[in-house]
Amino acid sequence: MDATIKKICAGDVRTASRLIRDIEDKLPDAKAKIKKLYAHTGKSFIIGITGAPGAGKSTLTDALIAEFRKLNKTVGVLAVDPTSPFTGGAILGDRIRMQRHAEDPGVFVRSLATRGALGGLSQAAGNAIHVMEAMGKDIIIVETVGIGQQEIDIINHAHSVIVVLVPGMGDEIQTMKAGLMEIADVFVINKANRAGARQLQTELASMLNLSPQIADGWKPPIVMVGDAFKPETFSENTAELAQKVEEHHLYLQQSGKLTERMHRKAMAEIKDALSSCLMEPLMHSLITSGELKKLSEKIKNRKTDPYSVAEEITQRFLKKES
Amino acid sequence: MTSEELTNMPERKIRVMVAKPGLDGHDRGARILARCFRDAGFEVVYTGCHQTPEQIAASAIQEDVDLVGLSCLSGAHRVLFPRVVELLSGKGASDITVIGGGIIPEQDFSMLYDSGIKAIFTPGASLDSIVEWIRKNIKTH
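Residue numbers (my numbering), protein chains in the order written: chain A, 1 to 322; chain B, 1 to 141.
The set of hints was computed from the structure by calculation and includes no laboratory data.
In this text, a Cβ means the ideal position worked out from N, Cα and C, and glycines have one as well.
Among the clues, some could well be false.
Calculated cross-link-like contacts (lysine-lysine; reagent style BS3-like; alpha-carbon spacing at most 25 Å) [claimed, not checked]:
| hint | chain 1 | residue 1 | chain 2 | residue 2 |
| --- | --- | --- | --- | --- |
| 1 | B | LYS91 | A | LYS73 |
| 2 | A | LYS35 | A | LYS7 |
| 3 | B | LYS13 | A | LYS7 |
| 4 | A | LYS26 | B | LYS118 |
| 5 | B | LYS91 | A | LYS6 |
| 6 | A | LYS300 | B | LYS139 |
| 7 | A | LYS35 | B | LYS13 |
| 8 | B | LYS136 | A | LYS31 |
| 9 | A | LYS7 | B | LYS91 |
| 10 | A | LYS7 | B | LYS139 |
| 11 | B | LYS13 | B | LYS136 |
| 12 | A | LYS31 | B | LYS139 |
| 13 | B | LYS136 | A | LYS300 |
| 14 | B | LYS118 | B | LYS91 |
So, partial list: chain A residues that the calculated Cβ filter (under 8 Å) puts toward chain B [as the list claims (entries may be wrong)]:
| hint | residue |
| --- | --- |
| 15 | ARG14 |
| 16 | SER17 |
| 17 | ARG18 |
| 18 | LYS26 |
| 19 | PRO28 |
| 20 | THR87 |
| 21 | ARG95 |
| 22 | ALA102 |
| 23 | ARG110 |
| 24 | LEU118 |
| 25 | ILE173 |
| 26 | THR175 |
| 27 | MET176 |
| 28 | GLU240 |
| 29 | GLN243 |
| 30 | HIS284 |
Chain B is nowhere near these chain A residues, computed Cβ spacing over 12 Å in every case [to be verified]:
| hint | residue |
| --- | --- |
| 31 | ILE20 |
| 32 | ALA79 |
| 33 | SER84 |
| 34 | GLY89 |
| 35 | ASP94 |
| 36 | ARG97 |
| 37 | ARG100 |
| 38 | VAL109 |
| 39 | LEU112 |
| 40 | ARG115 |
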């Protein structure tokens with residue numbers, strides 16, 4: 001077995017984090033490593049946690065880590081924060097909330113920057129999950145970047161999705177909207193000690209009565225989580241959250257839905273891999289040959305249009321490949 | 001759209017961690033630096049205040065950073081800074097550069113350099129000079 005793969009499968013944090021970095025930085029070797037690693041993946045339970053910026057995703061992730069560690073499960077966390085579109089820099093501040101677990105060898109927290117991805121994750125997230133799976137983590141929590149209404153790439157990666165809401169973000173119509181409100185397997189109303197929490201709960205509950213998930217045998221529960229600065233009630237609430245997530249996992253297994261979701265995940269992975277295998281070398285050759293510049297000049301002057309250009313390039317490229 | 005976004009070309013991005021060891025809660029400087037590193041195009045892991053050297057070393061390894069910047073204004077740097085270096089090398093991560101800043105009297109510099117701290121920045125150091133130092137001295141892993 002490849003030395004890197006061997007170390008990762010033995011749980012070596014340094015090697016794992018480096019491979020995740022190679023994936024993020026798109027080093028040519030990383031893909032080959034993932035190919036070798038893949039056979040060792042697929043055994044972890046993957047939980048997604050998503051919601052608006054400041055809704056409390058990191059604090060809840062920290063609480064979930066604590067709950068799962070009580071059950072002696074090993075936990076990997078991937079926490080995504082936004083990359084600046086101007087400088088490419090990023091502040092990765094999610095782990096501030098999780099530092100009490102920093103020294104626990106059963107917990108591995110790795111921050112990722114979005115690097116231009118728009119779906120709430122980073123392009124490297126899928127493979128970073130695989131690295132943590134190969135390390136043998138029982139549970140992997142993927143915390144998305146703070147999102148709005150429809151950055152929902154997380155559904156292609158997680159088995160169970162927690163959507164975190166907070167009171168005061170709009171009226172009843174917001175709960176009816178497509179996108180984010182449809183993807184929750186478990187809802188959290190966080191900061192439930194604040195005004196408007198009960199109303200949000202009622203609105204959400206009445207929306208959920210129409211949820212198509214109910215017909216499949218699962219009604220997304222709503223967990224109220226109160227003031228994080230009142231440790232006793234907070235940990236009671238978060239214990240309930242962990243339990244609901246476990247219940248959903250069990251439901252997925254028993255209903256056969258888990259296989260369905262893994263299927264969806266596999267298809268999304270093929271699509272990602274395809275676009276990287278096709279697009280990366282293509283764009284690379286267009287740029288290094290200077291053709292991209294010439295073509296964009298032509299389009300700018302309305303000598304041609306983007307579709308004709310794309311068709312011509314695709315045909316040429318496919319001919320060369322076959 | 002930058003050409004980087006267009007091509008998805010391989011590129012090693014500088015990853016740094018800004019950490020405050022010990023009981024000192026004065027994090028204005030650390031936050032300004034974190035922000036300045038962000039604007040320099042680095043990925044910056046910020047761990048917040050009141051960190052033990054053990055937490056800092058473990059986090060640096062989990063995050064695979066090139067550099068750890070320690071900020072301390074309480075006077076405990078003589079103990080805390082060398083301890084981070086020691087812990088990192090104990091975990092086979094002596095390639096992670098450790099620099100320090102804060103209220104650090106000049107007579108402590110040589111002791112800190114001897115312990116493996118690679119640079120020290122005190123009040124008055126310009127943000128640009130710190131970024132420049134990092135760019136010049138960090139060879140990304």
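Hint-by-hint comparison with the structure:
For the suggested pair B:LYS91 and A:LYS73, the alpha carbons sit about 24 Å apart, so the restraint of at most 25 Å is met. Restraint check: the Cα-Cα separation between A:LYS35 and A:LYS7 comes to about 16 Å, which is no more than 25 Å; the hinted pair holds. Of the pairs offered as hints, the one joining B:LYS13 and A:LYS7 holds, with about 24 Å between alpha carbons and a cut-off of 25 Å not exceeded. Of the supplied pair hints, the one linking A:LYS26 and B:LYS118 is violated, its CA atoms being roughly 29 Å apart against a limit of 25 Å.
With a CA separation close to 18 Å, the supplied pair B:LYS91 and A:LYS6 stays within the 25 Å bound. Between A:LYS300 and B:LYS139 the alpha-carbon distance is near 40 Å, which puts this suggested pair outside the 25 Å criterion. A threshold of 25 Å between alpha carbons decides the hint, and for A:LYS35 with B:LYS13 the separation of about 23 Å falls inside it, so the pair holds. Only pairs whose Cα atoms come within 25 Å are accepted, and B:LYS136 paired with A:LYS31 is rejected, the gap being roughly 30 Å.
For the suggested pair A:LYS7 and B:LYS91, the alpha carbons sit about 15 Å apart, so the restraint of at most 25 Å is met. Taking the CA atoms of A:LYS7 and B:LYS139, the gap is about 24 Å. The hint holds against a cut of 25 Å. Restraint check for B:LYS13 and B:LYS136: the C-alpha separation of about 14 Å stays at or below 25 Å, so the hint holds. With a CA separation close to 23 Å, the supplied pair A:LYS31 and B:LYS139 stays within the 25 Å bound.
For the hint pairing B:LYS136 with A:LYS300, the CA-to-CA distance comes to about 40 Å; that exceeds 25 Å, so the pair is violated. A distance of roughly 18 Å separates the Cα atoms of B:LYS118 and B:LYS91; the hinted pair therefore holds under the 25 Å criterion. Because the closest C-beta pair between A:ARG14 and chain B is about 6 Å apart, less than 8 Å, the hint holds. Given the 8 Å rule on beta carbons, the hint for A:SER17 holds: about 4 Å separates it from the nearest Cβ of chain B.
For A:ARG18, the suggested interface contact is upheld, since its CB lies about 5 Å from the closest CB of chain B, less than 8 Å. Annotation: interface hint on A:LYS26 holds; nearest CB of chain B at approximately 5 Å, less than 8 Å. For A:PRO28, the suggested interface contact is upheld, since its CB lies about 6 Å from the closest CB of chain B, less than 8 Å. With a cut of 8 Å, the hint placing A:THR87 at the interface with chain B holds, because the nearest CB-to-CB distance is about 5 Å.
A least Cβ separation of about 6 Å between A:ARG95 and chain B falls short of the 8 Å threshold, and the interface hint therefore holds. For A:ALA102, the suggested interface contact is upheld, since its CB lies about 4 Å from the closest CB of chain B, less than 8 Å. Contact between A:ARG110 and chain B, as hinted, is supported at the beta carbon level, the nearest pair being about 6 Å apart and thus within 8 Å. Because the closest C-beta pair between A:LEU118 and chain B is about 11 Å apart, greater than 8 Å, the hint is violated.
The restraint placing A:ILE173 at the interface with chain B is violated, with a minimum CB-CB distance near 35 Å, outside the 8 Å limit. For A:THR175, the shortest C-beta to C-beta distance to chain B is roughly 34 Å, which exceeds 8 Å, and the interface hint is violated. For A:MET176, the shortest C-beta to C-beta distance to chain B is roughly 35 Å, which exceeds 8 Å, and the interface hint is violated. Here the hint on A:GLU240 is broken, as its CB sits about 27 Å from the closest CB of chain B, past 8 Å.
For A:GLN243, the shortest C-beta to C-beta distance to chain B is roughly 28 Å, which exceeds 8 Å, and the interface hint is violated. For the restraint placing A:HIS284 at the interface with chain B, the shortest Cβ-Cβ distance is roughly 5 Å, inside the 8 Å limit, so the hint holds. Not every beta carbon of chain B lies more than 12 Å from that of A:ILE20, the smallest distance being close to 7 Å; the non-interface claim is violated. With a minimum CB-CB distance of about 10 Å to chain B, A:ALA79 fails to clear the 12 Å threshold, and the non-interface call is violated.
Distance to chain B contradicts A:SER84 as a non-interface residue, since its nearest Cβ pair spans about 6 Å, not more than 12 Å. Taking the minimum C-beta to C-beta distance to chain B, about 4 Å, the non-interface status of A:GLY89 is violated against the 12 Å cut. Under the 12 Å C-beta cut-off, the non-interface status given to A:ASP94 relative to chain B is violated; the minimum distance is some 9 Å. Separation of A:ARG97 from chain B is inadequate, the least Cβ-Cβ distance of about 8 Å not exceeding the 12 Å criterion.
The Cβ of A:ARG100 sits about 8 Å from the closest Cβ of chain B, inside the 12 Å cut-off, so the non-interface label is violated. A:VAL109, annotated as away from the interface, has a beta carbon of chain B within 12 Å; the closest lies near 6 Å. The claim that A:LEU112 is not at the interface with chain B is violated, since a C-beta of that chain comes within 12 Å of its own (minimum 9 Å). With a cut of 12 Å on Cβ distances, A:ARG115 falls inside the contact zone with chain B, its closest approach being about 8 Å.
In the structure shown, a violation is registered for the earlier hints numbered 4, 6, 8, 13, 24, 25, 26, 27, 28, 29, 31, 32, 33, 34, 35, 36, 37, 38, 39 and 40, in ascending order.
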